[in-house]
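There are 2 protein chains.
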Amino acid sequence: MKPALIGIDWGTTAARAFRFDASGGVIGEHSAALGVQKIEGGRFADALKALLGGKIPSGTPLIASGMIGSRQGWLEAPYLQCPVEFGAIARALTRVADPPLAIVPGLICRDADDVPDVMRGEETQILGGLEDSGERQLVVLPGTHCKWALVEAGGVGTFATFMTGELYSLLREHSILGRLATPAADRAAFERGIHAGLRTGASLLHALFSARTLALTGELAPAGVADYLSGLLLGAEIAAARPWIERGGARTLSITLIGDAMLCERYRLAMAIDGIEARIGPVDAAARGLWRLGQQAELVR
Amino acid sequence: MKPALIGIDWGTTAARAFRFDASGGVIGEHSAALGVQKIEGGRFADALKALLGGKIPSGTPLIASGMIGSRQGWLEAPYLQCPVEFGAIARALTRVADPPLAIVPGLICRDADDVPDVMRGEETQILGGLEDSGERQLVVLPGTHCKWALVEAGGVGTFATFMTGELYSLLREHSILGRLATPAADRAAFERGIHAGLRTGASLLHALFSARTLALTGELAPAGVADYLSGLLLGAEIAAARPWIERGGARTLSITLIGDAMLCERYRLAMAIDGIEARIGPVDAAARGLWRLGQQAELVR
Numbered sequence: 022m023k024p025a026l027i028g029i030d031w032g033t034t035a036a037r038a039f040r041f042d043a044s045g046g047v048i049g050e051h052s053a054a055l056g057v058q059k060i061e062g063g064r065f066a067d068a069l070k071a072l073l074g075g076k077i078p079s080g081t082p083l084i085a086s087g088m089i090g091s092r093q094g095w096l097e098a099p100y101l102q103c104p105v106e107f108g109a110i111a112r113a114l115t116r117v118a119d120p121p122l123a124i125v126p127g128l129i130c131r132d133a134d135d136v137p138d139v140m141r142g143e144e145t146q147i148l149g150g151l152e153d154s155g156e157r158q159l160v161v162l163p164g165t166h167c168k169w170a171l172v173e174a175g176g177v178g179t180f181a182t183f184m185t186g187e188l189y190s191l192l193r194e195h196s197i198l199g200r201l202a203t204p205a206a207d208r209a210a211f212e213r214g215i216h217a218g219l220r221t222g223a224s225l226l227h228a229l230f231s232a233r234t235l236a237l238t239g240e241l242a243p244a245g246v247a248d249y250l251s252g253l254l255l256g257a258e259i260a261a262a263r264p265w266i267e268r269g270g271a272r273t274l275s276i277t278l279i280g281d282a283m284l285c286e287r288y289r290l291a292m293a294i295d296g297i298e299a300r301i302g303p304v305d306a307a308a309r310g311l312w313r314l315g316q317q318a319e320l321v322r
Numbered sequence: 022m023k024p025a026l027i028g029i030d031w032g033t034t035a036a037r038a039f040r041f042d043a044s045g046g047v048i049g050e051h052s053a054a055l056g057v058q059k060i061e062g063g064r065f066a067d068a069l070k071a072l073l074g075g076k077i078p079s080g081t082p083l084i085a086s087g088m089i090g091s092r093q094g095w096l097e098a099p100y101l102q103c104p105v106e107f108g109a110i111a112r113a114l115t116r117v118a119d120p121p122l123a124i125v126p127g128l129i130c131r132d133a134d135d136v137p138d139v140m141r142g143e144e145t146q147i148l149g150g151l152e153d154s155g156e157r158q159l160v161v162l163p164g165t166h167c168k169w170a171l172v173e174a175g176g177v178g179t180f181a182t183f184m185t186g187e188l189y190s191l192l193r194e195h196s197i198l199g200r201l202a203t204p205a206a207d208r209a210a211f212e213r214g215i216h217a218g219l220r221t222g223a224s225l226l227h228a229l230f231s232a233r234t235l236a237l238t239g240e241l242a243p244a245g246v247a248d249y250l251s252g253l254l255l256g257a258e259i260a261a262a263r264p265w266i267e268r269g270g271a272r273t274l275s276i277t278l279i280g281d282a283m284l285c286e287r288y289r290l291a292m293a294i295d296g297i298e299a300r301i302g303p304v305d306a307a308a309r310g311l312w313r314l315g316q317q318a319e320l321v322r
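Here the protein sequences line up with chains A and B, keeping their order. Read in order, the letters of the first sequence correspond to residues 22 to 322 in the numbering used here. Read in order, the letters of the second sequence correspond to residues 22 to 322 in the numbering used here.
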């Protein structure tokens, strides 16, 4: 069956392609370690062909989101300024002529101090993860660089990036704290870390050291250090994001988590400990978002 | 000339030995990459001999501070609980019989949540860096793990560790931020980072990302990323330490910086931007502290 649309979630390290039927159902999926960082000499068309199993189907519209639209990607799709409606994103696709590939622009916003923040790919996942894009709500996308996005007026109002995932990896792999940790899952240590993180306030640089001192004094088992640290960082992130959560008034804003299932569950638990209820969104948010943008851009009818 | 005392600042990666004359003047100095981490099979006596140039002078008292007194060191010198007077530290030396080496204990304190913090070696530098141990004051020791110590009542009242230096190294060497940075000194970017860090509040995990986004939008040159990041972390540390600074009442507490001269100067500048005046202490604080403890412990008369 000839697909109605092919959507590609094309990131830094990997790419995933979805073949859609005329009603938006996924009828095929391919993935490969063909992220933007891995493609040399601008050979993006070859990479796309390889991703799709050796052939780019002629006449099928293609849409891609993620780092493929960055300066290092196939063709730069300039950032759109927030607040922005999803319809405006769909109208601003950057086109590669051959093959007929439309690239979704990333988003940029600025805080009160005029410091910029950016996303690429997450805007598509946000749209795909929504049940109702009219409702004012928060969408949180855990990962290397966790994004918190305020969705309102049928688009993305503003957002903020937290380097929680990258910092956790750095501390686990390269720091004195990681050297103390033995690999094990320790739910109690994770929850203890969350509590510590939530009360950390401005002193994260200090609080991190507690993973060492508690292990040193025997108050935290080596098997718990990694999960304590993970909880500490998640708690600190949630505490820092509280102004966002409370923006909806008395924490009534609905919150959707989108991303890796296990990571979303960790965030859900950490939020619950802080008295915040979050739902875990659809696992196929990227595919759904690509389909919705393809429809709004009239690549499919 | 036979020394009256030999003092050793013996850390994780390196060791420095000072030969003192009878009035505490340094008449010889040796250093070697013979830190505790590098000594295998407990061969500390051999390492000490090598550090001192092949021979441990017989009849000369020896005193050492730092990680040599940790569980991984020569002999564990248990932590003393803060608040503690310097005299009590001198009375609690742990003795190696042969050679006649006295090891200075580290310090432990607990915060309001009963979370421990520890130091080893810094207590000696603090004592050595003081002009007047009776005056209530702050001593800050920049480094991999920066220590802020409140000195009062002739001893260390309490202290806190900030992992600023280690985090800076991790981010420079292993993170996406480091990949953006080109090596260069950029004073304006450093000062800009300090301002950003001082206003960061609880959101350091978010603020770190600004080193990337500002570079991405061309608002920060690649040559400025490293210094911006350094300023951001120092600013965040100083902001987090403000309750300490203000503890003395309206920032009247005198502040002494002890450590690497260039790093101390960076802290001094960052503090000045926040309206806080700090003096840079003596460069030989470790040697002076070892001498003073040796006197108080009556190793020399």
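Be aware that one or more of the hints could be misleading.
One copy or any two copies: either way a pair holds, since identical chains are not told apart in the list.
[To be verified] Below are the SDA-like pairs computed for lysine to any residue, each with C-alpha atoms no more than 25 Å apart in a straight line:
(1) Lys70 x Ala206
(2) Lys59 x His195
(3) Lys59 x Ala293
(4) Lys23 x Arg289
(5) Lys59 x Asp295
(6) Lys59 x Glu194
(7) Lys59 x Ile197
Keep in mind that the hints were calculated from the coordinates and are not lab data.
Hints, verified against the model:
no.: 1; hint: Lys70 x Ala206; in the structure: neither (40 Å within a copy, 45 Å between copies)
no.: 2; hint: Lys59 x His195; in the structure: both (24 Å within a copy, 18 Å between copies)
no.: 3; hint: Lys59 x Ala293; in the structure: neither (39 Å within a copy, 45 Å between copies)
no.: 4; hint: Lys23 x Arg289; in the structure: neither (39 Å within a copy, 67 Å between copies)
no.: 5; hint: Lys59 x Asp295; in the structure: neither (40 Å within a copy, 44 Å between copies)
no.: 6; hint: Lys59 x Glu194; in the structure: both (23 Å within a copy, 21 Å between copies)
no.: 7; hint: Lys59 x Ile197; in the structure: between (31 Å within a copy, 16 Å between copies)
The earlier numbered hints that this structure contradicts are 1, 3, 4 and 5.
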